[in-house]
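Work out the full structure: start from the sequences and follow the hints.
Going down the list, the protein sequences come from chains A and B.
First residue of the first sequence? That's 1 in the numbering used here, and the numbers climb one at a time after it.
First residue of the second sequence? That's 1 in the numbering used here, and the numbers climb one at a time after it.
Please note that the accuracy of each hint is not assured.
Under the rule of at most 25 Å between Cα atoms (straight-line distance), these lysine-lysine pairs were calculated in the DSS-like manner [what the hints assert, rightly or not]:
#1 Lys53(A) / Lys122(B)
#2 Lys138(A) / Lys143(B)
#3 Lys138(B) / Lys138(A)
Think of the hints as simulated: they come from the structure by calculation, not from any bench.
There are 2 protein chains.
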Amino acid sequence: MMNSKSKKTILLDHGSGGIASQELIANIFLKHLDNSILAALEDSAVMDNHPGKLAFSTDSYVVDPIFFPGGDIGTLAVHGTINDLAMRGARPLCLSLGLILEEGLDLDDLERIIASIAKCSKSAGVPIVTGDTKVVPKDKCDKIFINTSGIGIVAEGVEISSTMAKEGDMILLSGSMGDHGITIMTRRAGLTLDGNLASDSAALHELVALLLEKLSPGTLHALRDPTRGGVATSLNEIAAAAVGLAVEIDDLAIPVKTEVRAACEIMGLDPLYLANEGKCLALVAPEQAAEALRLMQSTSVGRNAAIIGSLKAGKAGQVILRTSIGGSRIITPLHGEPLPRIC
Amino acid sequence: MMNSKSKKTILLDHGSGGIASQELIANIFLKHLDNSILAALEDSAVMDNHPGKLAFSTDSYVVDPIFFPGGDIGTLAVHGTINDLAMRGARPLCLSLGLILEEGLDLDDLERIIASIAKCSKSAGVPIVTGDTKVVPKDKCDKIFINTSGIGIVAEGVEISSTMAKEGDMILLSGSMGDHGITIMTRRAGLTLDGNLASDSAALHELVALLLEKLSPGTLHALRDPTRGGVATSLNEIAAAAVGLAVEIDDLAIPVKTEVRAACEIMGLDPLYLANEGKCLALVAPEQAAEALRLMQSTSVGRNAAIIGSLKAGKAGQVILRTSIGGSRIITPLHGEPLPRIC
Numbered sequence: 001m002m003n004s005k006s007k008k009t010i011l012l013d014h015g016s017g018g019i020a021s022q023e024l025i026a027n028i029f030l031k032h033l034d035n036s037i038l039a040a041l042e043d044s045a046v047m048d049n050h051p052g053k054l055a056f057s058t059d060s061y062v063v064d065p066i067f068f069p070g071g072d073i074g075t076l077a078v079h080g081t082i083n084d085l086a087m088r089g090a091r092p093l094c095l096s097l098g099l100i101l102e103e104g105l106d107l108d109d110l111e112r113i114i115a116s117i118a119k120c121s122k123s124a125g126v127p128i129v130t131g132d133t134k135v136v137p138k139d140k141c142d143k144i145f146i147n148t149s150g151i152g153i154v155a156e157g158v159e160i161s162s163t164m165a166k167e168g169d170m171i172l173l174s175g176s177m178g179d180h181g182i183t184i185m186t187r188r189a190g191l192t193l194d195g196n197l198a199s200d201s202a203a204l205h206e207l208v209a210l211l212l213e214k215l216s217p218g219t220l221h222a223l224r225d226p227t228r229g230g231v232a233t234s235l236n237e238i239a240a241a242a243v244g245l246a247v248e249i250d251d252l253a254i255p256v257k258t259e260v261r262a263a264c265e266i267m268g269l270d271p272l273y274l275a276n277e278g279k280c281l282a283l284v285a286p287e288q289a290a291e292a293l294r295l296m297q298s299t300s301v302g303r304n305a306a307i308i309g310s311l312k313a314g315k316a317g318q319v320i321l322r323t324s325i326g327g328s329r330i331i332t333p334l335h336g337e338p339l340p341r342i343c
Numbered sequence: 001m002m003n004s005k006s007k008k009t010i011l012l013d014h015g016s017g018g019i020a021s022q023e024l025i026a027n028i029f030l031k032h033l034d035n036s037i038l039a040a041l042e043d044s045a046v047m048d049n050h051p052g053k054l055a056f057s058t059d060s061y062v063v064d065p066i067f068f069p070g071g072d073i074g075t076l077a078v079h080g081t082i083n084d085l086a087m088r089g090a091r092p093l094c095l096s097l098g099l100i101l102e103e104g105l106d107l108d109d110l111e112r113i114i115a116s117i118a119k120c121s122k123s124a125g126v127p128i129v130t131g132d133t134k135v136v137p138k139d140k141c142d143k144i145f146i147n148t149s150g151i152g153i154v155a156e157g158v159e160i161s162s163t164m165a166k167e168g169d170m171i172l173l174s175g176s177m178g179d180h181g182i183t184i185m186t187r188r189a190g191l192t193l194d195g196n197l198a199s200d201s202a203a204l205h206e207l208v209a210l211l212l213e214k215l216s217p218g219t220l221h222a223l224r225d226p227t228r229g230g231v232a233t234s235l236n237e238i239a240a241a242a243v244g245l246a247v248e249i250d251d252l253a254i255p256v257k258t259e260v261r262a263a264c265e266i267m268g269l270d271p272l273y274l275a276n277e278g279k280c281l282a283l284v285a286p287e288q289a290a291e292a293l294r295l296m297q298s299t300s301v302g303r304n305a306a307i308i309g310s311l312k313a314g315k316a317g318q319v320i321l322r323t324s325i326g327g328s329r330i331i332t333p334l335h336g337e338p339l340p341r342i343c
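Shown next as C-alpha cells:
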C-alpha cells in the first residue's frame, strides 16, 4: 500500500507531514502505541500534573546493530530514558518518541521496533504521549535513530544526587556488569562465543521505587546508571561530585558473568568500561546497606546485586580498585572510544 | 586541544561518555548554555513544578543546509519546540537538547549552532536543562541532527485544541506564509533571487500568552503552527478535528511576501504547502477576532497577521479556497514530498 515494491520501505514522503506521514502514524505508530493522549495528534501532549518536583531527561539512541540478543534499539530507547529519570528518584510519568528514519528502511523492521517500544512502555507503565518522525535520504543516516525524552515526578522530600553522597556510604551495583557492551561488541565483530551473552536492557524504576519506599528516609543518597563508559566512568562521576571523598571498590566483589569475563579476555577489554543498560549504582548509608542489598536482590532486575565498595575520606575525587592479590590501582574515566554506537 | 589537525573536528571519542565527552560539555555546551540545572550534569534535570496541566512535545531537526538566511538548525530546534508547546496554550518551562553528530563535523560549526541555541533560548526565557550527545561515524548521519523536547504548563481553565473549534470561528494567520520553505528551497537549488528571502524562524509563545491574557476567556479555541506541509496541511488537520465543519479561506486575504510569491512562480510551487517556522493559525470566536488580530499585529512576530477565513457548516472535513476570480477549489493535505529535510 505504501509503495509498489514487494518489500515495503520508508520513502521520503513518509516524512513530509502530509498524507504518507498520516498513513505511517495510523498504520504503525497508533496501531502499537495507541493511547488517548498520543492519538489526539496535537502539536504537544497535555496531561494531568502531579505534586512533586519535575524530572526531565533526554537520550538519543544510535546503536548498531539495531537488533541484538536481549533487545533492540527500541528497548534501549524506552529503558534508557526511564532509567535516567529513576536515577534522580523520579517516578517516570511519560515519554516522547522522536524518530529519524533513513529512506529505504524496511517497514517490517520499523514495525518490529515500534512493537518492541510499545511492549516495553506498557510493561513499565510509562506511556509514549507525543512523537515526531523525520525521514532523511538514503545514506544520510543509518537505518534508524531514536530520541526519547521523559518526564518524571520526584516526591516531596526525595533528594537523590551524587552531591548527596557521604563518607562511609556503601556502593551497591544492581547486577553483573558489561553484558550489554560485550553483546554488541561480539555481535559486531562476528564472534560466536559459548554461553548466552545478551544485553541487560531493562527498566530500573520499580527497583528504585522499592528502595525509596522501604529504606529509612534519607539513606539512599545517589544513583547512577553506568551506560556509556561503564562502571568505571560512573564511579569517577560520583567521586568528582562527592566533595572531598574517594571511591574504593573491591575487584572480587564486582559481579561479572563468566561468559562476559571470557569474552573480555579474548577481546582484550576491561568490563569496568563496558556499557550497561539495566544496571545501577546506588550509594546508601552504611546502616541501610544490607537492607538495600536484600531489596535489590528481591527484584528480577537486581537479583545479582552486590555491595562493591564504599566512599572514603582520602584521595578526593579518585576511584581506587582493591585487587584480588592485595594491591590497588586507580581507575580513570574512559579514554578513547572502544566502541562507537554502543547505545 | 581536541585533536591535532589545524581544523578541529568532532571525533568518535567525543561521544564516548568519557573524558573527551566531558571536555566537549565543558568547552562548548556549558560555555554557552550555562545554567545551574544543566551544569549539575546528572542523569536527569530536577526542577520546580508549577500548578496547571503538563504539556510535552518533541521534534527532531534534520534541515539541510544547517545554516541559512534567517536562522540555522539551532534556531529551528529552539523555536520549533517552543511553538509546539505554545500551540496548546502552554507556557514553555524548559527544553532538552539531544545531539547526533557526524564524525568530522567542524567544531566551529558546532559551536556556532550551540551559541545560536543559547541565544534563542535566553531570548525566549526557556532554558535548556538537560542534554545528550552521540557521535556516529562519518557518512552515518549528515553533519548534525538535533532533537529538542519541551515541557510547558497549561494554566487552569485553558483548553486549546482543534477539537474546540466551533462554527463561525474566524481563522487568523499570524503573518506571511512560505518564508522558511522557499528560503531553504532556493538555497538548495543555488538560485539567487531579488529581495530578501529569509526564514521566519521565531518563537510564538509570547504572542500566544498575549492572546490568552487579553481575549475573553474561552474565545481562543485552537492554534496550529503550519510547519511541514504548510498552511494547507494544517488547515486540513483543523478541518478533520473540527467535527462536522469545513474550513473556508480567501485566497486574497492570505499574506504572502512578493519575493516569496515570485520565487514560487519560478519554481512552480504553491506557497500554501511551504513550511513556516514562526507562524501560527488561530481559531477565534467571531466576536473577538478583530481584537485577536489587533493583538497579533501589536507584536513583532505577528505584525503582518491577517484574518484569512472561517469555519463553516457544510462539507465537513474539507478545506475550500475562495479564489480571486470568484471560484473555489478544494485544498487537500500535502501529497508527495516536495522538499525533504526542510526542518
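To see whether the hints hold, each was checked on the structure:
The suggested pairing of Lys53(A) with Lys122(B) holds, with an alpha-carbon distance near 23 Å, which does not exceed 25 Å. Restraint check for Lys138(A) and Lys143(B): satisfied, since their Cα atoms lie roughly 15 Å apart, inside the 25 Å limit. A C-alpha spacing of about 14 Å is found between Lys138(B) and Lys138(A), which places the hinted pair at or below 25 Å, so the restraint holds.
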